[in-house]
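Enquirer: Each chain, letter by letter, is given below.
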Amino acid sequence: MIAFLGGALASFGFFFLPVIEIKPNRLASGLPVGLLEIPGDLRYLLLFLLALTPVMLAFMSDRNRRGWALVTVGNLIIILTLYLPALAGNAYLIGAEALFEAGTRISNPRILSSAAIAVGLAGGGIVLFAGLLDLERSGASRLVRGLAGAVGALVVVLMLAGGTLDVYSIMVEYHSRGETLALRFLEHIVFVLVALVAGLIVGIALGLWASRDAKAEDAILYTVGIIQTIPSLALFGILLVPLARLGDSHFLSMARDWLLLAAIALAAALVLRRLHARLPERARQFALIAVFILALIPLSLLAVLIIAFGFEVVLTVLTTAELASMRSVTFLALVLFPVFVWAGKRFDLERMLPHFQRVHFLPLLVAVLGALILLAQGAGKLLGNSELAELTIRDFGVSGIGTAPAIIALTLYSLLPLVRNTYAGLKNIDPAIIDSGKGMGFTAAQSFFRIELPLAFPVIMAGVRNAAISLVGIAAVASIIGAGALGDFILLGVNSTSIDQILLGAVPAVLLAVIMDAGLKLLEGLLTSPGIRQA
Amino acid sequence: MIEFKDVIKEYPNGFRAVDNLNLTVHDGEICVLIGPSGCGKTTALRMVNRLIDVTRGEILIDGQPNDEFEPEILRRQIGYAIQQIGLLPHMTIRDNVAIVPRLLDWDEDRIRQRVDLLLDMVGIDPSIHGDKYPRQLSGGQQQRVGVARALGADPPLMLMDEPFGAVDPITRAILQEEFLQIQQEVSKTIIFVTHDIDEAIYMGDRIALLRAGRLVQYDSPDDLLAKPRDDFVREFVGADRSLKRLHLISVKDSMINNVPRCAQGASLDELAQCMDEHRANNVFIIDENSGKLLGWAERSAVESGAAPEEVINYAPTSIAVAEDATAREALSVLLSHSFDLTPVIDANGILTGGVSIQRLQDLVEAPGIHAAAQRERGQ
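The listed protein sequences derive, respectively, from chains A and B. Numbered per our numbering, the first sequence spans residues 1 to 535. Numbered per our numbering, the second sequence spans residues 1 to 379.
Note that these hints are calculated values from the structure, not bench results. Misleading hints may appear alongside valid ones.
Unchecked claim - Below 27 Å or equal to it, Euclidean Cα-Cα: the simulated DSS-like pairs (lysine-lysine) are:
| no. | chain 1 | residue 1 | chain 2 | residue 2 |
| --- | --- | --- | --- | --- |
| 1 | A | LYS427 | A | LYS521 |
| 2 | B | LYS132 | A | LYS521 |
| 3 | B | LYS227 | B | LYS252 |
| 4 | B | LYS292 | B | LYS252 |
| 5 | B | LYS252 | A | LYS427 |
| 6 | B | LYS188 | B | LYS5 |
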């Protein structure tokens, strides 16, 4: 029945819809050609007849044979739907001048794949799927089914690589912009990954906080929910002004201001620590919140710097464009690497964690970490090319447009699924399990890392996948503020009504989303204990 | 040894969960905390390993106040088993049992040996179930693993909060019996919380009955049943406390040795004379050489004048109880036959004595006999 549908769909498309449009150049509108309009060759008629065969195969009774027949036909439909129009298209292009009115500009003439190809691929896919379903029911092994299903896709990839399909307009675009595409694709990946990692750190922390503290619970969950409802364009716009301001300021004065803020926060924390026992309950809570906010300002400033600079570092390493940046990266690595190695050996994170819960520790951590990183960054930049006094924050990659607001906005958008899933995952753990862990002598940190995190892991990972996919989409919008990435092609395409360019940006983005989802799912499967895996 | 000294747990709203508790648990003893729900028994238990903080007073472990240790360090020295078991679902059975040894940084070889030993001890075959995950085990098996895990690092003290509460009654009885056998080997000092008086009587060396945070009575199971301090205790241990006491008394402790018996092949006259001497209405027939119980004869049959061979009924096992059975089992045999006396046999089937209704009645009414008998045997 499914096969019947697929065959009918494909043959309907081949009969009524144009398979290709012939375009003299990128912008002019095309000349639609139907499959059966292509003159002089019976092969195209055969494709139409082939698409009709599943309609008859659907009534075969031997399930195994029917399965193999459908798989074969489905694969053939997919391959030929792409191959035959390309063949015809080449023939058309040779005599392209004759097809168009005199005076039409002919440059890079191309074949635009048209409706029938989409319908044909969908129909072929459905037939293939029906065949695989039959094979599964008649007991074929997973490997056999996988191979049978992949044949068509494999041949298409080979054709792509071999240049057989170069006649299609999207391939024409690809060939003229391949290098930029690779760079934009890379940018897109790095955007998503950096935002995802930053979101993960903040999101897990907030989720943990929400699950532990009934008072903060609603505030946190509502806030991340509201962030999600701000249109992405608006969020980019909102970030524009303060980040531009920040970018303009000089590094030295900025560092001075920052140190001042950090010092105030630290001082306030120390004072509070002294007074803590003497304050009445209400005042204690109020003071606690005040210190927290004081510490949050330098912390978020620092986070912006670190994330923006981190992005620059990653991208520089990946694309090795600028010598000066390379030097600062090397310097940063030289300074920070031994520090991390030393810290890694010196401190057991599980033992350290309880200290993080104490309020005075936060500003101190911010101060030390911030001073260290800014020092290294500044030194790296100076080694590169600039005078210290002329150094602005923009040199660190922070400005109103470009990567900094993009990364920040993306990070904010990733928070909702991450916070909500972390929260839900932690809340759903049976309290008896945590109690038994505590009763056996787990410290709070051990309990978190060895019990709660592993148990909440599948739920958190579902949030990560959710976030990753939506980030791939939102990252495309970021090119509006000059952040680059695959959105560049889409934006250009929209401006010049060039479907090929839009597809050139959109297809890799879709592929990226699919691959990331599959990869994360695989990771989830590998890292989830078999004891809690869904059966 | 665990001592509660004037321990009070008071919550900010003024509610006293535990009110002035004084209690001493001696080494190697099972102390059962029991009482109606909300009586503070679980709170008292959780204060020992500082899952709950004491408001006033102190808890001494081997003479040392328990708040002198870091809570985590303290807890690793004390076995902990709870009703919900709380096995970590993402770890294998072996890893679950190895939790505390790992926290204590034992080396892996030692841990592996210890884990397999413990799993064997609780009746879980490590080679079959060791690498499974908790959800693949039945409730009863999980409870066993829970006990093995509490014994993980061989702690001298154990806290057990209704550890057999989550399984059906039959499995629970088996687990209780097996645990007592394990306890004979390992001899831990145990605080055991339950709300089931039968479990308390069966498991406890001493029972502390709590009500509204206060200790009402702290006694051996036998004394608790025999000498309830007030109406609350009497009501709590139940109207059938006499029957419960019988559960505590073994046949060996309650039997009399002097029973009417004759060797196989005795004449009718000899049988009648034996019954007269004991003022009994039946006589037991034993093998002359081995002393094994073979059967019995009734007065009515003997006096009817039939041949000796027709007078004797040969069915020794259906009428006899074993020495290590409880007095309650003896009672049920007595009730199902018309004997004055039910014969008692040892593991080899040799007649060693008998138990009469009258004797059981005396035992139940006279307080402390069982305890005295136990002390004599040095238990």
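Enquirer: Now, for every hint given, state plainly whether the structure supports it.
Expert: The hints, checked one at a time:
1. The straight-line distance between the Cα atoms of LYS427 of chain A and LYS521 of chain A is roughly 22 Å, inside the 27 Å bound, and the hint therefore holds.
2. With a CA separation close to 24 Å, the supplied pair LYS132 of chain B and LYS521 of chain A stays within the 27 Å bound.
3. Distance check on the hinted pair: LYS227 of chain B and LYS252 of chain B sit about 23 Å apart at the alpha-carbon level, within 27 Å; holds.
4. Of the supplied pair hints, the one linking LYS292 of chain B and LYS252 of chain B holds, its CA atoms being roughly 17 Å apart against a limit of 27 Å.
5. Pair hint LYS252 of chain B plus LYS427 of chain A does not hold up; C-alpha atoms about 56 Å apart against a cutoff of 27 Å.
6. Distance check on the hinted pair: LYS188 of chain B and LYS5 of chain B sit about 21 Å apart at the alpha-carbon level, within 27 Å; holds.
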